[in-house]
Amino acid sequence: MKMSYKKRIVIFLVSIFFLSVLVFAMSRLAPGDPLVSYYGERAERMSVEEKERAMNRLGLNEPIIVQYGKWIQNAAQGDFGISFKYKQDVLQVIEGRLVNTLILGGVGFLLTFFFALLLGIWCAFYEDKLLDRIICKVGTITSCIPEFWLSLVLILVFSVNLKLLPGSGAYDIGQSDNLASRMQHLILPLIVVIMSHLWYYAYMIRNKLLEEIRQDYVLLARAKGMSAGKIMFGHCVRNIMPAFISIMAISLPHIVEGTYIVEMVFSYPGIGTLSFESAKYHDYNMLMVLCLITGVIVIFGNITGQAISEHIDPRMKEPVRMEEVTDSDGR
Amino acid sequence: MTADEKFELVGAGYLDTVPDVHQKENWWKGKPVCSAVILGMIILACVGCRFFMTHDPTYLDLAHYNLAPGGEFWFGTDTMGRDIYSMILYGGRISLFIGALSTVISTGIAVVYGALSGIAPGWLDECMMRFTEILLSIPSILIIIFVQALIGKDSIWAIAVVIGITSWMSIAKIVRTEVRQIRESEYVIASRCMGGSFWHILRVHLLPNFVSSIMFMVVMNIRGAIVAESTLSFLGIGLPIEVISWGSMLSLAEKALMTNSWWVILIPGIFLVVTLMCITNIGNYIRKNVNQKQSNL
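In order, the protein sequence lines correspond to chains P and E. Each residue of the first sequence is one higher than the one before, starting from 1 at the first, in this note's numbering. Each residue of the second sequence is one higher than the one before, starting from 1001 at the first, in this note's numbering.
Extracted from the complex, chain P is given alone in its bound form (with noise of 0.2 Å):
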């Protein structure tokens, strides 16, 4: 039986709700003064009871309870509380980034996938050729390179020696609105998500097709003389269809994961770098903030995704599961 839409937007809200107590109290148990990052040098100088004031001002001495109450409030509300270390609305600082962010993952994620289908079908169709056999050892080398290395090597290779793309940033100073200057600096960046997960996919989805070109009706067509061709791409491919985009969807926080620590490396204003920063400097709003739109993303992608394959396929019930289909990757 399928789900309903109904149950599934339940699930999502109950999920993000969970999502958002569990960050909630992380981020209110952690220690480290929030004070500090809010007044800065001052803090250190203020007398008890000035301490004692500014705690009360900015909520921080109410039980977390209370606390959390008042943020579910205002939040619904669209006001998700001040950055303490921006002093501006969180939204406000975040809404630039978040642009920057869906840029280099939404073109990563695309790419990445387009090309590991691309390279999968390759792999698959070759099976155990040269070619095939080059390709993975390749693949299991590239999968196995942290990301902040290879961008590292590339930061050396392309902007320190050949000085043909920049190695951080979004774009040159002052010119937030030039494509091209943009675009340049994407490509480095982008290059080290792709790479980094590539052939992660591009296995499983070899793996998949491997399966798939093993089934009874591949010999039937065959032969009644169906070319490989035709059957690989009229046949294969549509039926691991619905398990590809369930591997999409199951692939999100990771690939997220790689755009946060890519955008750390290359100093890209992003999500990542804003909350790599606000966990630095106990920036609660803006991390708690950061999590849930990191969150929301993700569980929306995977109930997404599972409802599109379902669509396709109704056999689809379970879900794929990372551990079946992973073979050369394991978290």
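It should be emphasised that the hints constitute simulated quantities derived from the structure, not laboratory data. Backbone N, C-alpha and C define an ideal beta-carbon position, used for all residues, glycine too. It is possible that part of the hints are untrue.
What the hints assert, rightly or not - To spell it out: a stretch of chain P is covered by chain E in this simulated footprint if at least three of its residues, at any positions, have a beta carbon under 8 Å from a beta carbon of chain E; those stretches are:
no. : stretch
1   : 136–149
2   : 187–200
3   : 248–259
4   : 294–306
Add chain E to chain P, keeping to what the hints say.
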């Protein structure tokens, strides 16, 4: 068209030569010998780093800073004047130790949590699995940064614990699935009827059954932990720069980029990647489910 062409057989998969079943197979066939040997050498060199180091890895040799590889300093020196070759051996010990310790922690949590969830009644099982799914939906680097802030220490133990308690979810899910399948088996029920405790059943009946299916994930967890440690240290929220590990060595990369000293970035990174590759190969060997069926295409 000749008769032969008309009756072309498809998909029958002729064997050109009859395989000699009695031929003695080489014992290393299909085993990741190369990876195991390289990994063994790296581990050995790191554990016994005292015998292989040519310099004191913590000594800041200000007369020889930022030197290219060669002569006295085999892999060069970093921007603080430390010998990179000695640092790699010395720091590898810490990186590998963190990888091993955090895997032990995460596997321990995963086995207990997964077994509890598998044995628990339906609704509780559902709740526990939802919880892991929510945790899995947050990118692990964010959780690690979070918990790192929570613990607030940057010692080796703290980092290992942080990575350990943030990477158990996927193993727990497998354990749970496996336990679900075998929990109704007669021997488990019999053991329960005879008053076997949770720990007894887990140790004697459940663990031997699912240990092979989580082995691959466990090995991959070592790799994940090493990557996590080096990423954290590189970003400056893991180990401090005085504690030498492969990650904290790479945190000098920014300075190295400015002076274009490639050896500071490339050499420790290559060691890191080679180690990760060996672990992956061994993991894949454990995982290997060779598909013997012939292709129909």
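### Task
Kindly indicate which numbered hints from before are broken by the structure, ordering the numbers from low to high.
2
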